[in-house]
Amino acid sequence: MSTAESTTALLDVRGIGISFGGLKAVQDFSIALPPRGLYGLIGPNGAGKTTAFNLLTGVYTTQTGMTTLAGKRIETLKPHQIAAAGIARTFQNIRLFGELSVLDNVKLACHLRGKHTLLGTLLRSPRFVAQEEAMRLQAMELLSIFGLERVADESARNLPYGDQRRLEICRALATQPKVLLLDEPAAGMNPTEKVELAESIRAIRDRFGLAILLIEHDMGLVMKICERITVLDHGQTICSGTPSQVQNDPKVIEAYLGVEETAEGVVGGAV
Amino acid sequence: MKTLAQHQQDVPGKVATRWDVMLLPWVACIVVALVVHFASPVLVNEYWQNVLRRVGVFVIAAVSLNIVNGYAGQFSMGHAGFMAVGAYVAGATTYYGSLLLHGSVNDPNFYYQGIGLMLGGIGLGCVVAAIAGYLVGLPSLRLRGDYLAIVTLGFGEIIRVMLELTKGQLDNAAAVKDAGAKLLIHLNGPSGFFGIPSYANLFWIFLFVSVTCLIAYRIKYSSTGRALLSIREDEIAARSMGVDLTKYKVRAFVLAAALGGVAGGLYSHIGANPSPTDAGFQRSFDVILLVVLGGLGSISGSVLAAIVLILLPEVLREAQQYRLIIFALLLIIMMIVRPKGLFGVKEIWELDWFTGWFSGKRRERKAGAK
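Chains as they are written, first to last, in the working numbering: chain F, 24 to 294; chain C, 5 to 374.
Careful, some of the hints might be misleading.
Stated by the list, open to error - Heads up, simulated BS3-like pairs for lysine-lysine below, C-alpha to C-alpha not over 30 Å straight-line:
no. : chain 1 : residue 1 : chain 2 : residue 2
1   : C       : Lys350    : C       : Lys251
2   : C       : Lys6      : F       : Lys217
3   : F       : Lys138    : F       : Lys101
4   : F       : Lys138    : F       : Lys201
5   : F       : Lys47     : F       : Lys101
6   : F       : Lys201    : F       : Lys247
7   : C       : Lys251    : F       : Lys138
8   : C       : Lys251    : C       : Lys6
9   : F       : Lys138    : F       : Lys95
10  : F       : Lys138    : C       : Lys186
11  : C       : Lys171    : C       : Lys186
12  : C       : Lys171    : C       : Lys181
13  : F       : Lys138    : C       : Lys6
14  : C       : Lys6      : F       : Lys101
15  : F       : Lys95     : F       : Lys201
16  : F       : Lys95     : C       : Lys6
17  : F       : Lys247    : F       : Lys217
18  : F       : Lys95     : F       : Lys47
19  : C       : Lys6      : F       : Lys201
20  : C       : Lys251    : F       : Lys101
21  : F       : Lys217    : F       : Lys201
22  : F       : Lys201    : C       : Lys344
23  : F       : Lys101    : F       : Lys274
24  : F       : Lys101    : F       : Lys217
25  : C       : Lys251    : C       : Lys344
26  : C       : Lys350    : F       : Lys95
27  : F       : Lys247    : F       : Lys274
28  : F       : Lys138    : F       : Lys217
Source of the hints: derived by calculation from the structure; they are not laboratory data. On a predicted model such as this, the values are computed, not experimentally measured, just so you know.
Assemble the whole structure, with the sequences as input and the hints as a guide.
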């Protein structure tokens with residue numbers, strides 16, 4: 024990692040890791056995500072990608088290394104403090120607030136940037152009323168960007184799958200993040216939807232001026248939109264570089280396809 | 005894309021300071037209380053008025069417990085403990101206060117001062133219960149659900165045992181003056197505190213009922229309420245969206261304990277002598293039953309469940325001894341027919357009645373048929 028890269032990085036992760044008993048789930052994970060960067064994180068199942076996200080968002084506390092966001096150390100903060108610092112995420116297995124309406128799901132996320140006193144709530148103070156209205160306006164604006172304003176009063180649970188995925192992104196954006204972590208946003212989508220999703224991820228980055236880190240299994244999608252890709256396998260970073268570099272890296276090929284025996288001998292690492 | 009702060013700058017032009025929004029509901033609470041107070045003597049006899057006062061107390065208990073068990077989804081099993089704290093604090097304030105200031109209890113000449121003592125006692129009981137809630141909640145709400153249930157269950161039992169160990173009640177002003185701070189241990193042990201004047205008439209009961217419902221309503225439909233509901237729905241997602249779990253859980257717990265204390269304070273002023281068993285598990289379970297049957301998170305559900313389940317034993321007097329069997333059956337049937345309680349998380353006015361009542365079920369059936 025060059026010094027120029029590390030000083031300009033918005034999210035600077037250096038050597039974080041966690042073990043669960045003897046299992047080294049993620050080890051020495053580093054990434055330097057610049058402002059407006061769109062990076063990818065790939066790897067076979069169980070490689071530790073989601074664990075890396077959980078480390079970044081404070082669901083797990085890292086046992087090594089450090090994380091800085093815009094120059095501020097965040098690795099010891101609790102999840103809600105990290106959200107306040109400016110990292111928002113979506114979940115691999117959708118975690119919406121099912122009983123709440125679509126609008127309330129987004130309003131809940133707007134919550135983070137407001138002030139909430141018990142007295143103001145009970146008295147319905149002018150500031151409280153104004154803030155609730157502001158949250159509604161902001162939530163509706165976000166919902167309309169994603170074409171969800173029609174279903175604003177529907178329970179989140181009742182939305183079709185694709186809309187639920189969109190609502191998760193919408194909700195994450197409502198926290199006004201600097202960095203957005205997307206955990207397999209294309210899971211369960213058909214090829215047409217995936218193309219649309221690729222476009223909208225880029226559009227989100229440009230419109231909101233965010234840095235995005237993306238976990239995805241769909242290679243086509245990752246290779247198409249990500250500027251740099253980090254590959255994890257068994258908790259280790261085995262490769263990091265531009266899509267073309269990654270595609271041609273023998274370790275990556277080995278991780279995904281196994282060792283290939285050719286006329287010249289064994290390609291890749293140890294058997 | 006605007007930030008929340010920018011949106012907020014646009015708003016004041018649209019939302020002027022709404023004094024009507026702020027104040028009218030509080031006025032409405034007083035009106036409700038007055039209406040109940042003056043209408044019920046015309047409509048029902050004294051016996052049923054007493055039943056109505058009991059209903060009111062349990063409405064407050066259920067609605068307050070709903071804030072923590074329903075909104076926040078944290079299973080507290082010690083609500084009776086907080087109610088008992090409120091009941092004893094308020095009851096002792098009125099009883100010993102009257103002895104101290106007037107020399108006798110329940111003297112008609114001392115009526116208005118007595119009411120003042122009752123209100124002061126209820127306020128004090130509310131504060132003490134809230135402090136107890138904070139002390140119990142802060143360590144235990146960091147734990148997972150089952151532990152909270154055990155800790156709160158233990159809290160109720162501790163209160164019960166402590167009350168059983170208290171000494172006999174004092175009955176004259178001189179003894180009260182002598183006792184000073186030691187009054188706290190003169191709560192009459194297992195036989196329960198008696199002789200508290202029943203100052204809580206229907207006006208006071210229903211004033212507190214409507215204020216409690218208003219508080220519960222305003223919490224539910226606010227950012228705080230959404231935060232609590234999000235915790236109940238999915239803790240991991242909630243904290244990733246910036247909800248401080250411990251802060252909001254403790255808030256809900258303290259608020260529920262405080263209002264539970266109010267319910268207790270009123271309970272000791274309706275002629276029901278508070279006794280240690282009122283702090284025990286059985287009473288906590290009674291209140292949980294109301295909340296679960298009404299629907300976890302539904303204010304109107306809790307209110308309706310409290311009304312029905314307190315009135316039911318009165319109506320079915322002959323079946324009194326089978327009360328618990330009937331309740332258990334009711335619970336089983338409810339869990340089969342409407343597992344989320346009568347109204348679920350919704351309020352009665354949010355259901356589109358005839359089409360909506362079983363629509364969830366119907367939709368499932370249709371989906372199954374396909």
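Comparing the hints with the structure gives:
{"no.": "1", "hint": "Lys350/C to Lys251/C", "verdict": "holds (25 Å)"}
{"no.": "2", "hint": "Lys6/C to Lys217/F", "verdict": "holds (28 Å)"}
{"no.": "3", "hint": "Lys138/F to Lys101/F", "verdict": "holds (19 Å)"}
{"no.": "4", "hint": "Lys138/F to Lys201/F", "verdict": "holds (20 Å)"}
{"no.": "5", "hint": "Lys47/F to Lys101/F", "verdict": "holds (22 Å)"}
{"no.": "6", "hint": "Lys201/F to Lys247/F", "verdict": "holds (23 Å)"}
{"no.": "7", "hint": "Lys251/C to Lys138/F", "verdict": "holds (14 Å)"}
{"no.": "8", "hint": "Lys251/C to Lys6/C", "verdict": "holds (28 Å)"}
{"no.": "9", "hint": "Lys138/F to Lys95/F", "verdict": "holds (23 Å)"}
{"no.": "10", "hint": "Lys138/F to Lys186/C", "verdict": "violated (44 Å)"}
{"no.": "11", "hint": "Lys171/C to Lys186/C", "verdict": "holds (10 Å)"}
{"no.": "12", "hint": "Lys171/C to Lys181/C", "verdict": "holds (16 Å)"}
{"no.": "13", "hint": "Lys138/F to Lys6/C", "verdict": "holds (17 Å)"}
{"no.": "14", "hint": "Lys6/C to Lys101/F", "verdict": "holds (27 Å)"}
{"no.": "15", "hint": "Lys95/F to Lys201/F", "verdict": "holds (13 Å)"}
{"no.": "16", "hint": "Lys95/F to Lys6/C", "verdict": "holds (24 Å)"}
{"no.": "17", "hint": "Lys247/F to Lys217/F", "verdict": "holds (11 Å)"}
{"no.": "18", "hint": "Lys95/F to Lys47/F", "verdict": "holds (27 Å)"}
{"no.": "19", "hint": "Lys6/C to Lys201/F", "verdict": "holds (14 Å)"}
{"no.": "20", "hint": "Lys251/C to Lys101/F", "verdict": "holds (13 Å)"}
{"no.": "21", "hint": "Lys217/F to Lys201/F", "verdict": "holds (24 Å)"}
{"no.": "22", "hint": "Lys201/F to Lys344/C", "verdict": "violated (39 Å)"}
{"no.": "23", "hint": "Lys101/F to Lys274/F", "verdict": "violated (35 Å)"}
{"no.": "24", "hint": "Lys101/F to Lys217/F", "verdict": "violated (33 Å)"}
{"no.": "25", "hint": "Lys251/C to Lys344/C", "verdict": "holds (26 Å)"}
{"no.": "26", "hint": "Lys350/C to Lys95/F", "verdict": "violated (42 Å)"}
{"no.": "27", "hint": "Lys247/F to Lys274/F", "verdict": "holds (21 Å)"}
{"no.": "28", "hint": "Lys138/F to Lys217/F", "verdict": "violated (38 Å)"}
Of the numbered hints given earlier, the model fails hints 10, 22, 23, 24, 26 and 28; all others are met.
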